[in-house]
Each structure stands twice: as C-alpha cells, then as structure tokens.
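Keeping their order, the protein sequence lines are chains A and B. All residue numbers for the first sequence refer to my numbering, where the first residue is 13 and numbers rise by one. All residue numbers for the second sequence refer to my numbering, where the first residue is 736 and numbers rise by one.
For the record, the hints were derived by calculation from the structure and aren't laboratory data. Do not take every clue at face value.
As a list, the in silico EDC-like pairs of lysine to aspartate or glutamate whose alpha-carbon atoms are at most 20 Å apart [unchecked claim]:
#, chain 1, residue 1, chain 2, residue 2
1, B, Lys845, A, Glu596
2, B, Lys954, A, Asp307
3, A, Lys306, B, Glu917
4, A, Lys94, A, Asp192
Computed beta-carbon distance windows for the label pairs [said to hold, decoys possible]:
#, chain 1, residue 1, chain 2, residue 2, range
5, A, Asp343, B, Phe1024, 27 to 37 Å
6, B, Lys938, A, Ser277, 31 to 41 Å
7, B, Thr970, A, Asp343, 18 to 28 Å
8, B, Asp932, A, Ala548, 28 to 38 Å
9, A, Asp343, B, Ala843, 47 to 57 Å
10, B, Ser770, A, Ser546, 34 to 44 Å
11, A, Ala548, B, Lys814, 20 to 30 Å
12, B, Asp813, A, Ser546, 45 to 55 Å
Bear in mind that the values here come from a model prediction, so they are computed numbers and not experimental data. Cβ atoms here follow ideal geometry from the backbone N, Cα and C, with glycine treated the same way.
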Amino acid sequence: MLNNMLNKINNMKNKILPVFLIFSLIITGGFIKKIIVQADDATTSVEVGNTVPAFTSTFEPHEDPASATSTPTNVGDQVTFKATASDANSDDWKLLICSGNTVTGTSCTDTTYCTSSFASSTAEATCPYTALVTDSETEAWYGFACDAVGCSAESHKPDADIGPPFHVNHRPAFSVFSDDSPKNPNVTVAWHTTSSDPDSGGSDTVALYVCKTASFATSTGCGGGEWCHSDPSSSDPTCNTITPRPDGDYDSYGYVKDSHNFAASGGAQGTNSTMTVSNIAPSITASSINLLDKDGSGNLELNSEQTETSGFRVTFIVADDNSCKNITDGDEIASALINVRMSEKAQAACDITGEYNANDCYPDDYATWNPVCLASSTVDSCTGNTDTSVGWACTFPLQYHADPTVANTPKAAYNWVAAVKATDDDSANTGLIDSTTYSNAMDKFMSYDLASTTLAYGSVSPNADSLEKTTTVEATGNVGLDDNLSGGNAASKGMCVTDYPTCSGAYIGIGQQKYNLTSALGWEGAGATALAYSPAESELNCAKTTITGTPETKDTYWYLRVPLGQAVGSYTGSNTIEGKVDNETFGS
Amino acid sequence: MFSRKILVLGAIFLLSFIFSQITWAGFGISPPYVSNDSLARGSVYEKKITIVRGDPIEDLKAEITINVPGASDWITIDKGNEFILPKGEKQVPIIVKVQVPKQAAYGAYKGSIRIKTSSLEALQKGTITIALGAQIDVDLNVSQQKIFNFIVRGVTPFDAEEGYKKWIFFFPTKLVFQLRIENLGNIQCQPTKIVLDIYDSSKTNLLETVEASKIGSIKPFENNVILANFLTKLTPGSYYAQFKIYKNNEVAQGGEGEVHLSIMPKGAIQGYKGANIFDLGLKDKAIIFGSLGLILALIIFGTIQVIKKSKNK
Chain A
13 MLNNMLNKIN NMKNKILPVF LIFSLIITGG FIKKIIVQAD DATTSVEVGN
63 TVPAFTSTFE PHEDPASATS TPTNVGDQVT FKATASDANS DDWKLLICSG
113 NTVTGTSCTD TTYCTSSFAS STAEATCPYT ALVTDSETEA WYGFACDAVG
163 CSAESHKPDA DIGPPFHVNH RPAFSVFSDD SPKNPNVTVA WHTTSSDPDS
213 GGSDTVALYV CKTASFATST GCGGGEWCHS DPSSSDPTCN TITPRPDGDY
263 DSYGYVKDSH NFAASGGAQG TNSTMTVSNI APSITASSIN LLDKDGSGNL
313 ELNSEQTETS GFRVTFIVAD DNSCKNITDG DEIASALINV RMSEKAQAAC
363 DITGEYNAND CYPDDYATWN PVCLASSTVD SCTGNTDTSV GWACTFPLQY
413 HADPTVANTP KAAYNWVAAV KATDDDSANT GLIDSTTYSN AMDKFMSYDL
463 ASTTLAYGSV SPNADSLEKT TTVEATGNVG LDDNLSGGNA ASKGMCVTDY
513 PTCSGAYIGI GQQKYNLTSA LGWEGAGATA LAYSPAESEL NCAKTTITGT
563 PETKDTYWYL RVPLGQAVGS YTGSNTIEGK VDNETFGS
Chain B
736 MFSRKILVLG AIFLLSFIFS QITWAGFGIS PPYVSNDSLA RGSVYEKKIT
786 IVRGDPIEDL KAEITINVPG ASDWITIDKG NEFILPKGEK QVPIIVKVQV
836 PKQAAYGAYK GSIRIKTSSL EALQKGTITI ALGAQIDVDL NVSQQKIFNF
886 IVRGVTPFDA EEGYKKWIFF FPTKLVFQLR IENLGNIQCQ PTKIVLDIYD
936 SSKTNLLETV EASKIGSIKP FENNVILANF LTKLTPGSYY AQFKIYKNNE
986 VAQGGEGEVH LSIMPKGAIQ GYKGANIFDL GLKDKAIIFG SLGLILALII
1036 FGTIQVIKKS KNK
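Work out the full structure: start from the sequences and follow the hints.
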C-alpha cells in the first residue's frame, strides 16, 4: 500500500516537473518577449534547458533473463538489466542500476551495479552485473535513465521475477567426502559428505554425484561413468551402490551441486575417496573335483609300457566372490596345483616332495612331476566380472606302476584322490581340497618286457639235453604277472628245418622243450613242464614293479632235449609268451 | 667213428639254435579284462581294450583267439580276429563287443581272449622267435533280471542367466547340470529324481528347493553325460546347491554333493539359451495355450461362416 502511494507520488512528481518547466518557459519567454518588444534593437536568443531522459515506460528497467527465486543468478554469472528511454533533448542516455534509490549527479549514491553505454534516445540500453560471492541471496536494485547531466527518477519493473530484487545463488559448501569401504564384493558401499547450501530462499538443496573418473558437469553429470548419485538433500547428501566384485581400489570422485545446477568449488569437490573392495579367498567344493581318465570317462587307465602315461586330468570349479576377473580384467585365479594320491594315504602324507612315491603319491611339490594346470572354459567358462566361478583343468602323468584300485587288486578298498588348491592374484588360496564323490579308480595295466632277446640252446647232440637257458620277464605295468607259454604249430611241431610253421621236413616236437620256474633242475627235473601248442599257464608270480626304472623280474628256465636220430640241420621255431595278470597272488 | 659223426652233426645243429634278435620288446593290454555281471538277453556290451607296445619298430600281426565256453560266439573284435599293429603305434585300441543272444542261457561265462603277435617278415632261418602275447580275462554273467543301476561319475552345473519377464509371463532362471552317469544296469536308465537345495553364498540360508524338470537318459552299460534342467527364481549372484540324485528311493552312488552356482545378469552369457515357453509354469502355459485355442476356434468359426455365406449366395 505504502509502496503504491509512493509510486503514485513519484509518478505525479514526474508529471509535475515537466509541466512546471513548460510553464516556466512560457512565462519567462513572455517576459523576455516584452523586454525584446520593448527594445528598439532587439536580438533573438534562447537557451534550451536540459531535460533528463525518461524511461519510455513506467515499467522499466527489468532483468533479462529474470533473476528470480527459481532462476537465481549464480555467483560469477551476470544479471542483465535492460530498459528503453527517450530524451527530450534527443540526448543519448545511459542506464544506471544502483543498490539504492538515489543518485548523485549521474552516479549511484550507493553501490553501482552497472552502467550501460550511452544509447540513442528511444534506443534500448543494456548493462550487466556479475553476481559476487559477497552478494546477498537477494539484492534490491534501482534503475535510472541518465544523460550527461542528470538522471531520471528511479524506476523499475514492478515484477517479482524480472523486477527487483535480483537473486544470487551461491555455491554449495562441500568440506568432507568419504566412503565406508573397504567392503566385500557385491555389498552396499556408501559415500558420505559434509555439505550444505548457504542459500535458503529457493528451497535450495544439494545433491552428491560420485563419479568413476574426475569428470563432471552439472548439466550432464559424470563424464566417465557414475557410481551413484543422491537425491536432493538439505545437507550432507549421501549415496550408495553395490560394490563391484573384483577386489582392489576404485577411484570415486565426489561432486556436489545445488538444485540450481551450481556446483561446489574447492573443499572436497572433485576429490577422490577411493572405494576399496576386499579380496575374498577363493573356494572349491569337493564335489566339483573330478579325477578323470584321458578321455574323460571311466577308470584311470595306464597305457604306456614302462614309462609315464600322460593326459590324466583333474577338473574343478573355483568359486570366488571377487568373480573370475580381476580389476584389470585379468584372471582372478592365478594358479592351481594338485596332489594326486591313492586314498590309502592321507592328504597330509602326500603334499611334499619327500613323500613322492610313483606307486601311490604324486605331490605337486615333487620337481620332476609336472602337472599343468590352466583355466578351462570347457569346465566352466568365465563370462566376465559378474561371474563368480571358473573352471580349471590340470593334466598330469602317472607312472606305469601306479597302484590299481579296481576289484580283484590288493588296494581295491581304496581309490585315487586329487587334492586341489587354487590361489588368487592376491595369494589367497582355497587350501587343499580333496576330491570325494568324483575320485576315481586306477585300472589294471598288464604289461611286460623280455629282458633277454636270445635263447641259445647251443650245440646239442641227439639224445642230449641243452644247457639251461633263461628268459626273463620284466613287469612293466601295474600288476603282478603270470604267463601262458606255448610254441610250435597245431601238429605240435616245435622246430622245423624248413618252412616253419608248415613244417614239411624234419622237425623237433614241441614237447622236446621244457620250462621250469626253478633253475638247475634239468630237463627231467621236478616241475619241468613240456612246452605245448596249447598255451599253459605258468605261475610265474612276477611281482608288481614298485620302483620306477627297476622292474620286478622273474626267470623261466628252458631246456631242449634233442631226440636220438634227429636229422642234422638248422631248425626254425617260435615260442609264445602271453602275459597275464597274476589274479591269484597279485604277484606277491 | 659213429660218435665222431654225431659230434659233427651236433656242431652243425649248434649253429641252428641261436635265437635271432627279437625286434620288439614290451607288450601289454589295458585293462586286461572284460567283465559284466548284469548282461541281459539281447543286450550289447562294449569294452575298449588298448594294446600297448613298448617299441613298435615294425608292423606286427595280431591274432585273436576267443575262448569263453558257451559265449565265444557272442564276442567279436571291431578289428576282426586278425589285424595289424602298425609300426610306430604304441597304443592300438580295440573294441570287444559282447552281443548276448536272445536265447542265451542265464548264468556265468568265464574264459579268456588271447592276443598273439607275430612278425610279418619270414622267420629267420635257423632261429627260434619268441612271440609276445597277452590274455584278456573274460567274466560275464547273463541275468534274468532287468537291472536298474547306475553310478554318478560327475556333476557340473553350467553358468546360467537370470529369468526374465516378457509380456505378462515370467520365464524363470534355467539351470542346466551336466551329469556323467555310468549305467551299470542292463536297461536304459535315468535318475529317478534330482533335488537341489539352493543356499546363498554364505551357505547358511536355504533359498529354494527345486527338483529337476527334465532329465536325460543313458543306454545300458554306457558311461556318458546327460543333462538335467532346473527352473528357479534365482537372481544374479553366487549360490551353492546341495544336490541329491536318486536311484529309486535312495541316493545313487556318487549322487550327493555340493556345487557352486553362478547366476549372471540377462545377456551376460553369449549363446545362452534360457527358459522357453515350454518351461513356463502351468498357469502361464494354460493362458498361452488357452489363448491360442481361442484364436484357432475363432478362425475356424469365421471360416465356417464365410463358407456358409458363399454357399447361400
């Protein structure tokens, strides 16, 4: 009300002044005219007085754009004032925006917010004011149209938005930025702040943005990915997210902006509160461990004579809450090892090099046994850093005399077990985990070698016996041996002068050869058995080999008796030794 | 005079009895047996045997002699009864196939299969060669019973993607387990049921108990892999499942254990095939098939009306 009255008075003042001036001129002019008229030699002169410019509208000047409660001017930004005025003298005029409603001459009595350049009469003048951090949230302003001599009365647009005051938005304060890590993978992690907005007029709030890189714009948010952002808050905004799975330190840059998209500056703005994801030790479930034959199915089968059989496999799945990938997208699980043993031995009895025994214990620690362990997508692929498991496969060899555990063997009560350990890239490991359900049995491998390749009966006269000759069988598999012995052809012709085995000429019957498992007893000695075309089992009882490179052996002793009247000649023949498993005594 | 003559002959004889150098060394078989105690009439059983040589510097002929009284005719070798063991091959696999006649007498059949090798070269005159061979023990039993028996040799879960909603239907998370099964029986078999108790990653909270919705089967005597499907509501994360694989009412040998499950966000696994329309719940299936039926009925009804109208014209 009071303002309205003042405005009316001001308006009236504005009207009275020009009317008064005009009347003054007329009256003064009349007097002058009288004086001139009265003069004989009259000279004509006039002094045109200055008239201060006047805004063309009583609603000038104004802000453009509005600096209002909802659209305040950020500190550092400009408030632009505009107005149009005319000058009765057609003088140029300028716009003057003051903090108070009085002018002294053509300057503000109080603070000058801005002064425009001179504009032609009736032209629009513009002047900007850069909001200062020291400005109050609202600043009253007063507009004047001035020429070089004087200024108009104060005027402004009577509008809440584009009229006075202008509104200044100050940066939010942001002093502390922190997070509550270290945290385990895939759990909630939160970032906290000490932050507030110094303004209050426009329901000012602050919001936190946590960025993955030091890149942020109030208009578009995080430039290189965002961890989280908060809802608008009156103060101390916080936000949280689920931690990534890979362990390590993650950059987390904090940015606060207010509800007018004005970011904090200095303090904690843009600082890095590193989020740390803890390393969790990997684990292996016993049921995931499979001890496999070379082809992936069935019992373990050795198939290399007197040497290692390679290609056996242990497969297992390593679970890790840090996922199968590390923070640099490498493999989280760095290595794995296996100890393979026959279950008669405890895990702790087969984990160091000194416990190696090719019959039943193959520890990784043993330098000359070299299993190869690699991540295996066939077992379980690693699909990325949200995948919490990965398959591994270890291939390894076993010696030819590794103990069998299938039925009808001395160790049939046991099986073969793999103890597995996986280690992550931070050296945390699963510990040794034994295969349980999917351990495996070692099958029998019957294999032998003949140590001697000649059996020279020497010179034997008819009706005489040869000297004792020896064949030596070496056990080169994982079982004890017997053998079947036979020779000659179906007609029991053991050695022929011509065309063996047809044997159409002279021959020596197969039964003229005898063998004995005991030496020095001669052709007719106890236990000597005549060789026959049909194989006969010889209870060789050759023990299972237990020392690599030192095969168990067993000799068979041979004799030949050349019948009386046997024709002279070179006799050709063939005897057969068929190895077989010693099922009775297992070679013991 | 006579004795001098004998002595000369003996000297000649002496030279004839020097063994030639043996051109092979070691020999073996793995495993050295064929055994099956649950054969049924008409069934077929195969066993792979690997013939092993230590130093295969030449081709050798292998001859097979089968001596299983009452069953020799049932047994065949994939490579025949005579075949070559090639030079340079240290392992030569053969398949021993047992085809039990439909009229075979029930009972045990024991015997052996003998493998005897010989050189393809002519024997060196005046020498005795020692041929190597091996015996495969055969132990068969033809049973009158239909035997349902298997052991579980391995359980491997595949990574899975979370379920998803499409329109109004929820397609659940589909877990697929690979089971290695050895069928010890003489009939085609599959596990009676498979149950998973699914726990959270701490293994403390039981989240779900699910039963396999689909289980593959395996032929008699085979050792092979089958798949089992489970439908769950698991969301992405890390879980543990305790499984029980049943043979009738009891847990099968090797059929109990714990495995880790990794459930991924949708789209994370390349080529992953999740649940389809046939994996939906009964209610959803009823809606879909009911709708399809209604549409079909409307089409038929409309067609009939059109035909009637055209006839009237």
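We went through each hint and held it up to the structure:
1. This hinted pair checks out: lysine 845(B) and glutamate 596(A) have alpha carbons roughly 16 Å apart, not beyond 20 Å.
2. Restraint check: the Cα-Cα separation between lysine 954(B) and aspartate 307(A) comes to about 19 Å, which is no more than 20 Å; the hinted pair holds.
3. About 16 Å separates the Cα atoms of lysine 306(A) and glutamate 917(B), which keeps this hinted pair within 20 Å; it holds.
4. Of the supplied pair hints, the one linking lysine 94(A) and aspartate 192(A) is violated, its CA atoms being roughly 52 Å apart against a limit of 20 Å.
5. Roughly 47 Å separates the CB atoms of aspartate 343(A) and phenylalanine 1024(B), a value that falls outside the hinted 27 to 37 Å.
6. Judged by the Cβ atoms, the range 31 to 41 Å given for lysine 938(B) and serine 277(A) is violated: they are separated by roughly 50 Å.
7. Distance hint for threonine 970(B) and aspartate 343(A): a CB-CB separation of about 26 Å, consistent with the stated range 18 to 28 Å.
8. At roughly 60 Å, the beta-carbon separation of aspartate 932(B) and alanine 548(A) lies outside the given 28 to 38 Å, and the hint is violated.
9. A hinted range of 47 to 57 Å for the beta carbons of aspartate 343(A) and alanine 843(B) is consistent with their spacing of about 54 Å.
10. For the pair serine 770(B) and serine 546(A), the supplied restraint of 34 to 44 Å is violated, since their beta-carbon distance comes to about 24 Å.
11. Take alanine 548(A) and lysine 814(B): their Cβ atoms lie about 27 Å apart, and the range 20 to 30 Å holds.
12. The hinted window of 45 to 55 Å between aspartate 813(B) and serine 546(A) is violated, with their beta carbons roughly 27 Å apart.
Checked against the numbered hints listed earlier, the structure breaks hints 4, 5, 6, 8, 10 and 12; every other hint is satisfied.
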